[in-house]
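*Asks:* What follows is the residue order along each chain.
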Amino acid sequence: MAITRDEVRRVAALARLRLTAEDEERLTTDLANILDAFARLSAIDTSAVPPTAHVEQDRSAFRDDVVANPPATESLLVNAPARDGRFFRVPKIIE
Amino acid sequence: MSALHELSVREAADRVRRRDVSAVDLARAALARIAAVDTQFGAFLTLNEVEAIATAEAIDRRVAAGQDPGPLAGVPVGVKDIICTAGLRTTAASRILEHFVPPYDATVTKRLRAAGAVIVGKLNCDEFAMGSSTENSGLGVTRNPWDLARVPGGSSGGSGVAVAAGECHAALGTDTGGSVRLPAAFCGVVGLKPTYGRVSRFGVIAYASSLDQVGPLGRDVADVAVVLEAIAGHDPLDTTASPRPVPSYLGALDGKVKGLRLGLPREYFVEGMQPEVEAAVRKAIDQLEALGASVEPVSLPHTEYAIATYYLIATAEASSNLARYDGIRYGLRAPGGALGEMYEATRAAGFGAEVKRRIMLGTYALSAGYYDAYYLKAQQVRTLIRMDFQKVFETCDALVTPVSPTTAFQLGEKTADPVTMYLSDIFTISVNLAGLPALALPCGFDRAGLPIGLQVIGRPFDEETVLRVGHAYEQATEWHARRPKV
Amino acid sequence: MNLEPVIGLEVHAELLTDSKIFCACSAKFGGPPNTNVCPICLGMPGVLPVLNRRVVEFAIRAGLATQCGIAPRSRFARKNYFYPDLPKGYQISMYELPICIGGHLGVLVDGETKRIGLTRIHMEEDTGKNIHDAHGDASLVDFNRSGVPLLEIVSEPDMRSVAEAGAYLRTLRSILQYLEICDGNMEEGSFRCDANVSVRPAGSTTLGTKVEIKNMNSFRAVEKAIAYELRRQASALEHGERLVQETRLWDAEREETRSMRSKEHAHDYRYFPEPDLMPLVVDGAWVDGVRAALPELPGPRRERFVREYQLSTYDADVLTQRKDVADYFEAGVATGAGAKEMANWTMTELLRIVRDEKLDRALVIRDWPVTPTQLARLVKLVERGAINRNTAKALLPKLRGTTADPEELVAAEGLAQVSDRSALEAAVADVIARHPAQVAEFRAGKERVLGFLVGQLMKATGGKANPQLAQDLLRTALRGG
Chain A
24 MAITRDEVRR
34 VAALARLRLT
44 AEDEERLTTD
54 LANILDAFAR
64 LSAIDTSAVP
74 PTAHVEQDRS
84 AFRDDVVANP
94 PATESLLVNA
104 PARDGRFFRV
114 PKIIE
Chain B
1128 MSALHELSVR
1138 EAADRVRRRD
1148 VSAVDLARAA
1158 LARIAAVDTQ
1168 FGAFLTLNEV
1178 EAIATAEAID
1188 RRVAAGQDPG
1198 PLAGVPVGVK
1208 DIICTAGLRT
1218 TAASRILEHF
1228 VPPYDATVTK
1238 RLRAAGAVIV
1248 GKLNCDEFAM
1258 GSSTENSGLG
1268 VTRNPWDLAR
1278 VPGGSSGGSG
1288 VAVAAGECHA
1298 ALGTDTGGSV
1308 RLPAAFCGVV
1318 GLKPTYGRVS
1328 RFGVIAYASS
1338 LDQVGPLGRD
1348 VADVAVVLEA
1358 IAGHDPLDTT
1368 ASPRPVPSYL
1378 GALDGKVKGL
1388 RLGLPREYFV
1398 EGMQPEVEAA
1408 VRKAIDQLEA
1418 LGASVEPVSL
1428 PHTEYAIATY
1438 YLIATAEASS
1448 NLARYDGIRY
1458 GLRAPGGALG
1468 EMYEATRAAG
1478 FGAEVKRRIM
1488 LGTYALSAGY
1498 YDAYYLKAQQ
1508 VRTLIRMDFQ
1518 KVFETCDALV
1528 TPVSPTTAFQ
1538 LGEKTADPVT
1548 MYLSDIFTIS
1558 VNLAGLPALA
1568 LPCGFDRAGL
1578 PIGLQVIGRP
1588 FDEETVLRVG
1598 HAYEQATEWH
1608 ARRPKV
Chain C
580 MNLEPVIGLE
590 VHAELLTDSK
600 IFCACSAKFG
610 GPPNTNVCPI
620 CLGMPGVLPV
630 LNRRVVEFAI
640 RAGLATQCGI
650 APRSRFARKN
660 YFYPDLPKGY
670 QISMYELPIC
680 IGGHLGVLVD
690 GETKRIGLTR
700 IHMEEDTGKN
710 IHDAHGDASL
720 VDFNRSGVPL
730 LEIVSEPDMR
740 SVAEAGAYLR
750 TLRSILQYLE
760 ICDGNMEEGS
770 FRCDANVSVR
780 PAGSTTLGTK
790 VEIKNMNSFR
800 AVEKAIAYEL
810 RRQASALEHG
820 ERLVQETRLW
830 DAEREETRSM
840 RSKEHAHDYR
850 YFPEPDLMPL
860 VVDGAWVDGV
870 RAALPELPGP
880 RRERFVREYQ
890 LSTYDADVLT
900 QRKDVADYFE
910 AGVATGAGAK
920 EMANWTMTEL
930 LRIVRDEKLD
940 RALVIRDWPV
950 TPTQLARLVK
960 LVERGAINRN
970 TAKALLPKLR
980 GTTADPEELV
990 AAEGLAQVSD
1000 RSALEAAVAD
1010 VIARHPAQVA
1020 EFRAGKERVL
1030 GFLVGQLMKA
1040 TGGKANPQLA
1050 QDLLRTALRG
1060 G
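Protein chains in written order, with the working numbering: chain A, 24 to 118; chain B, 1128 to 1613; chain C, 580 to 1060.
Take the hints with a grain of salt, since some may be wrong.
[To be verified] Chain A is faced by these chain C residues, among others (derived, beta-carbon under 10 Å):
no.	residue
1	G668
2	I671
3	I710
4	D847
5	L856
6	V860
7	A864
[Stated by the list, open to error] 20 Å max Cα-Cα, derived SDA-like pairs, lysine to any residue:
no.	chain 1	residue 1	chain 2	residue 2
8	C	K607	A	L58
9	C	K607	A	V89
10	A	K115	C	D716
11	A	K115	B	G1467
12	B	K1541	A	L58
13	C	K708	B	L1466
14	B	K1518	A	D87
15	A	K115	C	I710
16	C	K607	A	P73
If you are wondering where the hints come from, they were derived from the structure by calculation, not from laboratory data. Beta carbons are placed, not taken as given, at the ideal position from N, Cα and C, and that holds for glycine.
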């Protein structure tokens, strides 16, 4: 199952991964091999089979509408690579 | 009398509660052991010495005050570095989280602490749990204590090694496609993947959400049962965790295997298996028959599709789960550049090759035009695989299989071709797709002295039968007493 | 070319729950940046969502109020894309299996009711907010809003004019306010609207090229933007230009829509069912419970007001836009005020204060300037001629913040309208005597001067003269002399 270089680039862009030329080369081959291995799935008749929604039986689970979290402290911000006071700082977002 | 670090979990906790041994001594013994041997194995990424001693001291004080700190009182344990520990670096073995210190515990971490356990450190694994040998770790190499030139299995390689080498009495790993069972088998220890939903996933860095489960590793089945009991159960922070009550798993180890019906799926005894592995597993089955179980051949006809099904579903979920690593709120950020460059450069620098490969595969499987053919198709085949198991469990109480076609392979042996590596999971992967509980325990050694693992698979939420069968076999044999020469 | 507009609207309504949709952080607007956050709504490693039951209840309410079918099984789904205000790199939304399907609204335009279809309603989480930093070389991200629950309400492309679009939006907002699930404030962002606009030859059934318009921050902006876009598309087609399917932003300053800088890739959101949440099961009993608790909705209430109180459709519409105002009106009528008068006073005096003082910012007004009973009593006084309208208007501020009975206030301050002829005749004579020039003008045929003289008479009587009687007496006196 061939996958083109262009497709690899498209997928890399969707996944926000920057690939070197070498990466692209390797991934094009790797993905093609893997997809080859998966090609056999298409032969299986799944027309009457529902996709697995969840492994366990249907059961809904909720929480009550209660505010239980205290105002956030420094501990939640301290891992940030770049900050401006209580804000997270990122390169400028251009619309 | 055994050295402190060689005590079982139950024995160690009992002695601490009886004030026969102090938690501090146990902690020191574990840390000393780690200091003595871990440079050879590389099981640990981060040690927790100061907090471990402080926790141990607190436990000793509670015991002295007549309180019961819990079933794991004072027991030194290791935690796979994919499980969050508050205030203690948690990296998922990735450069992208190399300096991340979570401000929260995973639920399983909280429960270990509540049971009195002492966390001595964080264990190496494949990056984001993606791998079968721990060779994909971005932060270090882990070696098999039975043969330093070989892999410990993965992705919870550090967990398998730490238990096998006596660096801690038990460890937590995670199992998405075999990642607790394979290292257990390769390292000659016991490992359990619980039913999907038996143990909370909150605070467990997600790889594949519908497959991941936390599982305990220990040196015998009873230890694994005790740890499972401590961590299992409903969690309001995880809606996929079942509200079913947690039975006494230790209480299930009553040896009553007479009359149990064990199935041998023919698709798990294939050409290309290492002959000694097959021989050891068949001998184990004979042993179980001798204990009174009945054995019958069964078929799981969709087994051959399991690997493809797994890799499509797991990578699709992973591609989404790993989108949050963008350098904004935590983790690595590549310097300089506009926003788009920042994303790309950060993720390129932070993720290793296997992670990138799986993100690419998963993104592709979900992308427009391919969703039906790949992701949706895989979820449908998954239903067929689940139905295979449902059918055999109508006539069987458990299934017995090998864990892996081979014993531990050499470091570097399978890294050239990802597909070859993926095939290591062939006997473990269907179990995750079906969400079933499965135990790996030692059943022999090959000529090279490498451990061979036996797998027992059970019905959903029937960890009791799985543990019962494993325990009965274990107690009738000596494999679990063997330790690597360190 | 005879072109007809084809308009569909997509509304995102922020829900008024106490906590966020998937975590126990406060959902309240405002607060210092990154305070109403936790590891879950920050998308930290290993966290999981847990669904707020009240969000589901609100969705069911909205679905029932708009005649949707409530799906017994629905599913959350991940919408995957990268943006700094989206902490997980995906938004938990719903895709193939939404909770509400296929409803409609009745919308009043130019006195006629038109039915606008709804395609679906689903629940999703809101994103954080980006702002530009002071120096302009970076952006700052605040996740307080991340995880606030939203309902996405998608209409069918059934609207055929700007007026219909505006009426739909107002009706929808009104319904959500009646249900007390959203305060409908476009300026503050709790009620957002994107428009899908296309044109086609009148009578055609195929759809033209669709353009999505975003960034409209008020009802007026929506109307202006759609109007602009319709003109732009019509003009383009008339000039033989091809229209591009795209997203355009409304520029409120320039009052035009402009194309968004083209994104490198069309969005491929790679939707798949959310594995961290179980499928949502909503049984009949739950739906019945919600249905039983629904208030009388704006449309039926407006129709009832027309029937029961003989109000015009227009007046009934104004009174039923907000449930609290409709309740106020009916409370007043219940204490005996005539419907017509009560309606007038509510619509003019009361609503003026409400708007001027922005009391309508609240979802439900509880602190009225005067109570319905007070206003009703005032109205009754005017109805029976005890005071005139001006006096009544002047009394309103005096009643504010008090529990005073208007009748007592009138008595205490001697404000009763003077309707006694003999009492007024002296004043009439006085006014005529003091303003000979105007008297002469009136007698010379300048009718308008009467107003001035009446005004003088009102002044002379401290505003208490019965204005009609004052006018009659003056006219008689002027003619007579």
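*Asks:* Hint by hint, note whether the structure agrees.
*Replies:* A quick look at each hint next to the structure:
no.	hint	verdict
1	G668	holds (8 Å)
2	I671	violated (14 Å)
3	I710	holds (8 Å)
4	D847	holds (6 Å)
5	L856	holds (8 Å)
6	V860	holds (5 Å)
7	A864	violated (13 Å)
8	C:K607 to A:L58	violated (48 Å)
9	C:K607 to A:V89	holds (12 Å)
10	A:K115 to C:D716	holds (6 Å)
11	A:K115 to B:G1467	holds (10 Å)
12	B:K1541 to A:L58	holds (19 Å)
13	C:K708 to B:L1466	holds (16 Å)
14	B:K1518 to A:D87	violated (39 Å)
15	A:K115 to C:I710	holds (9 Å)
16	C:K607 to A:P73	violated (41 Å)
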